Amino acid sequence: MQEFEELKHIWQQSTPAPQPGPLPDLSKASAQTKTKLQRAQRNGAISLVITALFIAGLALWGDFHFKQWYTYAAMVLVSLICLAQAGIMFYIYRSIKQIDETAPSTAHLRQWEAYYTFRQRLIRWNGPAYFLLLNLAMGLYLLEVLERASAQFHLIFFSIYLGWMLFAYFYLGKKVLKKEKQRITGMIEDLRQLEMQLKE
Amino acid sequence: MTQQETFTCLYRQYAPGIRKLCRGYTGSATQAEDLLQESFLAVWNNMHLYRGDASWGTWIYRIAVNTCLLYLRKEKTRPEKIADDVLLNLAEEEHNQDSEVQLLYTCISRLPETDRLIISMVLEELPYEDIASIAGITENNLRVKIHRIKKQLTDMFNSYARV
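Protein sequence lines correspond, in order, to chains V and P.
For what it's worth, the UniProt record's numbering labels the leading residue of the first sequence as 1, then goes sequentially.
For what it's worth, the UniProt record's numbering labels the leading residue of the second sequence as 1, then goes sequentially.
Bear in mind the hints are in silico, worked out from the structure with no lab data behind them.
Hints are supplied without guarantee of correctness; some may be wrong.
Stated by the list, open to error - To be clear about the criterion: a stretch of chain V counts as covered by chain P if any three or more of its residues have a C-beta under 8 angstroms from a C-beta of chain P, and this derived list gives those stretches: (1) 4 to 10; (2) 86 to 94; (3) 189 to 197.
As the list claims (entries may be wrong) - With beta-carbon atoms standing in for the labels, derived distance ranges: (4) V:Ile99 with P:Pro112: 24 to 32 angstroms; (5) P:Thr2 with V:Ala114: 47 to 55 angstroms; (6) P:Arg51 with V:Arg110: 14 to 22 angstroms; (7) P:Lys151 with V:Phe167: 53 to 61 angstroms; (8) P:Thr6 with V:Phe157: 57 to 65 angstroms; (9) P:Thr6 with V:Leu60: 43 to 51 angstroms; (10) P:Pro112 with V:Gln98: 39 to 47 angstroms; (11) P:Tyr50 with V:Phe167: 40 to 48 angstroms; (12) P:Thr2 with V:Lys199: 39 to 47 angstroms; (13) V:Val145 with P:Tyr50: 53 to 61 angstroms; (14) P:Gln4 with V:Lys174: 38 to 46 angstroms.
Said to hold, decoys possible - Keeping only pairs whose Cα atoms sit at most 30 angstroms apart, straight-line, the calculated DSBU-like set for lysine-lysine is: (15) V:Lys8 with P:Lys151; (16) V:Lys181 with V:Lys97; (17) V:Lys199 with P:Lys150; (18) V:Lys199 with P:Lys151; (19) V:Lys36 with V:Lys181; (20) V:Lys97 with V:Lys36.
Note that the structure is predicted; figures quoted are calculated from it, not measured.
Think of the CB as a built atom: it goes at the ideal place given N, C-alpha and C, for glycine as much as any other residue.
Kindly produce the complete structure, drawing on both the sequences and the hints.
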């Protein structure tokens with residue numbers, strides 16, 4: 001019959017070799033949910049900044065010879081909308097980064113709950129606003145670009161454009177948000193269960 | 001001292017204890033290595049947040065505990081799945097130090113998640129005050145828990161060791 005002190009003795013016998021092995025590979029990507037969420041926001045923001053710069057570059061040096069000023073204004077608008085959205089994504093990235101992994105589980109849970117509330121509030125207005133503004137700017141741009149195109153071309157173009165936009169907003173966008181929500185709510189649920197275990 | 005030098009010192013000092021904590025938590029040496037890597041990755045990423053309110057040890061153990069608690073819940077291979085026959089086989093193996101150590105790790109990994117971490121820190125002889133701070137509970141609550149977990153673990157170990 002072993003007593004707890006004997007188990008402690010067994011545990012202490014299991015001490016690994018004095019050398020704890022090589023240092024961990026710090027360049028390896030973390031599998032933690034926090035890092036995944038951060039990465040998604042950072043990569044999205046970087047892509048949008050690149051897109052904005054590309055469109056602004058086309059407006060400045062594209063040699064398009066548009067006759068209407070509003071076509072150039074539309075290109076600038078698209079760039080600004082992309083930059084604004086990138087700014088929001090960087091802000092979200094920073095908010096996730098500020099969640100303190102070194103806090104006790106209960107404090108950690110409170111921070112994730114606060115982030116979740118903020119994110120849900122943001123999703124309500126940010127998604128529709130971005131979609132609407134981007135399409136208004138695109139509409140303005142297409143006024144001159146498609147001016148001389150045939151009715152048949154208009155029909156085909158707008159069918160494809162509208163189809164893609166609706167697919168991107170209602171399917172791809174919602175899918176990404178759903179995945180993000182699952183990750184956060186999963187983590188909050190786990191933390192709540194752990195908090196319950198600690199309170200028992 | 002540069003951040004890299006401080007990190008290397010901390011790793012050399014605390015990695016053996018954290019490895020054992022992770023091993024007790026998962027019951028698996030492979031998963032323990034993954035968790036050790038994740039924990040020290042989090043230590044590296046958060047070193048700028050260390051303000052000296054607690055000792056480096058308490059701070060690092062807190063990160064490891066949070067990493068363990070959140071990491072394993074996502075894994076498909078959960079320690080709860082360690083079947084009884086695995087434990088019986090361990091107990092049946094020739095009675096030597098290694099098999100006793102493995103049996104102890106496996107028994108710990110069958111406790112509820114937070115209990116595994118608490119008992120691992122008790123076995124590692126961390127002060128109760130530090131364990132309470134790491135887990136974010138009061139010292140009184142911790143003492144009650146430790147009493148219960150010690151009994152549960154001893155009973156489980158004895159029941160398999162007797163086979």
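Each hint tested on the structure:
1. Given as covered by chain P, the region 4 to 10 of chain V passes the check, having 4 residues with a CB less than 8 angstroms from a CB of that chain where 3 are the minimum.
2. Counting residues of the region 86 to 94 of chain V whose beta carbon lies closer than 8 angstroms to any beta carbon of chain P gives 0, which falls below the threshold of three, so the coverage claim is violated.
3. For the region 189 to 197 of chain V, the assignment as covered by chain P holds, since 4 residues bring a beta-carbon within under 8 angstroms of that chain's beta-carbons and 3 suffice.
4. A hinted range of 24 to 32 angstroms for the beta carbons of Ile99 of chain V and Pro112 of chain P is consistent with their spacing of about 25 angstroms.
5. Distance hint check for Thr2 of chain P and Ala114 of chain V: the Cβ-Cβ separation is about 34 angstroms, which falls outside the suggested range of 47 to 55 angstroms.
6. Our hint of 14 to 22 angstroms for Arg51 of chain P and Arg110 of chain V holds, since their Cβ atoms are close to 19 angstroms apart.
7. Take Lys151 of chain P and Phe167 of chain V: their Cβ atoms lie about 59 angstroms apart, and the range 53 to 61 angstroms holds.
8. Between Thr6 of chain P and Phe157 of chain V the CB atoms are about 60 angstroms apart, so this pair conforms to the stated range of 57 to 65 angstroms.
9. Between Thr6 of chain P and Leu60 of chain V the C-beta distance comes to about 48 angstroms, which sits within the given range of 43 to 51 angstroms.
10. Here the CB-CB span from Pro112 of chain P to Gln98 of chain V is close to 31 angstroms, at odds with the stated 39 to 47 angstroms.
11. Distance hint for Tyr50 of chain P and Phe167 of chain V: a CB-CB separation of about 47 angstroms, consistent with the stated range 40 to 48 angstroms.
12. A C-beta distance of roughly 42 angstroms is found between Thr2 of chain P and Lys199 of chain V, which places it inside the suggested range of 39 to 47 angstroms.
13. The hinted window of 53 to 61 angstroms between Val145 of chain V and Tyr50 of chain P holds, with their beta carbons roughly 56 angstroms apart.
14. Judged by the Cβ atoms, the range 38 to 46 angstroms given for Gln4 of chain P and Lys174 of chain V holds: they are separated by roughly 44 angstroms.
15. Among the hinted pairs, Lys8 of chain V with Lys151 of chain P is consistent with the structure: their alpha-carbon atoms are about 13 angstroms apart, no more than 30 angstroms.
16. Distance hint between Lys181 of chain V and Lys97 of chain V is fulfilled; the C-alpha atoms sit about 17 angstroms from each other, no more than 30 angstroms.
17. Annotation: proposed proximity of Lys199 of chain V to Lys150 of chain P holds, straight-line Cα distance about 18 angstroms (limit 30 angstroms).
18. For the proposed pair Lys199 of chain V and Lys151 of chain P, the alpha carbon gap of about 19 angstroms is at most 30 angstroms, so the pair holds.
19. For a cut-off of 30 angstroms, the pair hint linking Lys36 of chain V to Lys181 of chain V stands: about 13 angstroms separates their Cα positions.
20. Taking the CA atoms of Lys97 of chain V and Lys36 of chain V, the gap is about 11 angstroms. The hint holds against a cut of 30 angstroms.
In this structure, the earlier hints numbered 2, 5, 10 are contradicted, and the remaining ones agree with it.
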